[in-house]
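**Q** Position chain A against the provided structure of chain X, taking the given hints into account.
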Amino acid sequence: MSTIIVPEAVEAESTRWLTPQQRYIPMLATFSLLFAMFTIGSLRYENFGQPQVLLDVLIDNSFLLVVAVGMTFVILTGGIDLSVGSVVALSTVLSASLLEKHHWNPILVMVVVLLMGVLLGAAMGVMIHYFEVQPFIATLAGMFLARGLCYVVSVDSISINNGFYTDLAQTKIPLLGGLSVNPSVLIALVVVAVGAYVLHLTRFGRTVYAVGGNQQSALLMGLPVGKVRVSVYAISGFCSALGGILYTLYTLSGYSLNGVGMELDVIAAVVIGGTVLTGGSGYIFGTVLGVMVLGLIQTLISFDGTLSSWWTKIFVGTVLFVFILLQRLISVRKI
Amino acid sequence: MIAKIAPIYRHRLFWPVAILILLLLSNLFFTPTFFSIQVKQGHLYGSLIDILRLGAPLILVGIGMTLVIGTGGIDLSVGSVVAIAAAIACGHIAGLPNQDSVSGVLIAIAMSLALCVVLGLWNGFLVAGLGIQPIIATLILMVAGRGIAQLITDGQITTINSSPYSLIGGGYWLGLPFSILVALVVFALSAVLVRRSALGLLLEAVGGNAEASRLTGIRSRRLVWLVYAFCAVTAGIAGLMISSNVNSADGNAAGLFIELDAILAVVIGGTALTGGRFSLAGTVIGALLIQTLTTTILTTGVPPETTMLVKALVVTAVCLLQSPSFRARISRRRAKPVVGPDIEQIQEQRKVPA
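If you're matching them up, the sequences are chains X and A in order. The numbering used here puts the first residue of the first sequence at 1, with every later residue one more than the last. The numbering used here puts the first residue of the second sequence at 1, with every later residue one more than the last.
So that you can see chain X by itself, here it is in the shape it has in the complex (with noise of 0.2 angstroms):
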């Protein structure tokens, strides 16, 4: 394997600045394709051209970028986190119930819904780890018990009428040029902010790396296999109530049929972003790309008029199919 490698690392090397390296190839094309789908759009339609369409689309999916930043520590682990989308909903019903039927404190409500997620998250990763169970088996029980939760939280919808949400959804913050984002984009930033840090920079992300590399290899290197799975599914639990709380601010409401199927957009988007979903390999800025190219389309077809909305559906599906064969060649000419 290194005789492959050192070729291959001394030719990146000597034209480090003509050709990208190979790892960042997925991620330039999911980069090339929202410059191709932003230019279409602006060729075609009026208005479409306008940075603030793109400010709309990171307000319109502030949440998801949330989930799927959670979603990409998980899968980067090699594993799969089939809850979140309930675990959305749920914190949409909870932080409705608490502000509204029992008059929490907002911030106190916030605290107890990331909690929520973040022992629902630990739960699961607990299941996976030290019981064995498959991550697809453990999250899909963690999506039914998330799911049974907000019926009996709530089935009916609850708006939220409580001051202090509705001034932070109705904020708009200004930026240069007439442009404007809302607080939950900035929540959004700062989460990927983060999360980039703390994969790219700290010892916790490169053993994140490595157990996804090859989990036996970390256990035997000594790094601590154990907490970083469990953890790295417990942020993802953080993330997703996150996400809910930002779903609650986006529609002021808390209903338990939220976010039904959400946990496919979210894989979608880290796949589109180049992140392998055997785990060792992606960005978290990749991610963000990932999202974006999934709200461009829902963008395009809405400016489209003409197309029905089944059609983000099939969309999704052929760019998602795009990625996954790029991806497939790219590690062929590896090998």
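For the record, the hints were derived by calculation from the structure and aren't laboratory data. Please note: incorrect hints may appear among the correct ones.
Claimed, not checked - Chain X regions said to be covered by chain A (calculated; three or more residues, Cβ under 8 angstroms):
(1) 106-113
(2) 122-132
(3) 137-148
(4) 306-312
(5) 323-329
For glycine and all other residues, C-beta sits at the position ideal for the given N, C-alpha and C.
**A** Below, chain A alone, put in the same frame as chain X:
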């Protein structure tokens, strides 16, 4: 002799069967007539028959899923295939001048199952032809398939009124619901095919190690194509059943989450998601367990919203009871595992001579 009897609780189907029986018995508290089966107008009626009838689509999808999982794969697209099969069949029947025409219904069924074969081959092509990870390869059709189903039905719910078609999901034949018979025939055929020929062994070999089995001369790629096509066909039949039961096709909701229930049924039945070993009988028990759970919740008057909660608890319980390290933790007789099941197995093997 005692050594042979003792490990009955260690049989891999012990816990699923025990929980299924427990669930069935617990129904007696709420409905004393739960186990009674009556004959009305030459048809069998009763709660048990209902469980079988409503569980038939899940059993069908589960059988296909078992074989796919046995080869080390997974098929997330079955729910979308259910929706597409229903949409094609109902779409064709809705366009017939006479919806009761048997030949028209047969053509509709043939068309939709043929399309299912194509969809299955597409999955097989991605997995075996291009070498894409199964969970991701089938995710493509899972996402896009819902859109395709809605495209076929034009976003509407296609309702039909065809008596030959409604036989599949709601009709009776020889006193038994037709859907049970279909599920039974598919189960018997696949069980005979995989256990009375070398096919099952070959599938397990592919699941154990695809590359090694290819090197020993097994056409592993062709087998993978085959199981995905088979799985899509079973999902297609389930789709016909579901749509025939309600006489309509809903591209959005038909077969929603059936892939999760099917995977759950397979896992409860003792088939590991890692592949290399599968149990069709276990899957049937798993599917019946899930259906019994749903029916029990409906009949006991517990709010139906809690179905998912109870499902989560049962899944967790079954998975933990089947987990070797969990069992090791709760029984003091065995040593604590250090890394995983491999170490534990070695420890057990070492204990045998002593």
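**Q** All hints, please: hold or fail.
**A** Now for the hints, and whether the structure bears them out:
1. 106-113: That given contact is violated, which follows from only 0 residues of the region 106-113 of chain X lying within Cβ reach (below 8 angstroms) of chain A.
2. 122-132: Held - the region 122-132 of chain X has 4 residues with a Cβ nearer than 8 angstroms to chain A, which meets the minimum of three.
3. 137-148: Check passed, 10 qualifying residues.
4. 306-312: With 5 residues close enough to chain A, the hint holds.
5. 323-329: As far as the region 323-329 of chain X goes, the hint holds, because 3 residues have Cβ atoms under 8 angstroms from chain A.
In terms of the numbered hints stated before, the structure departs from hint 1 and from no other.
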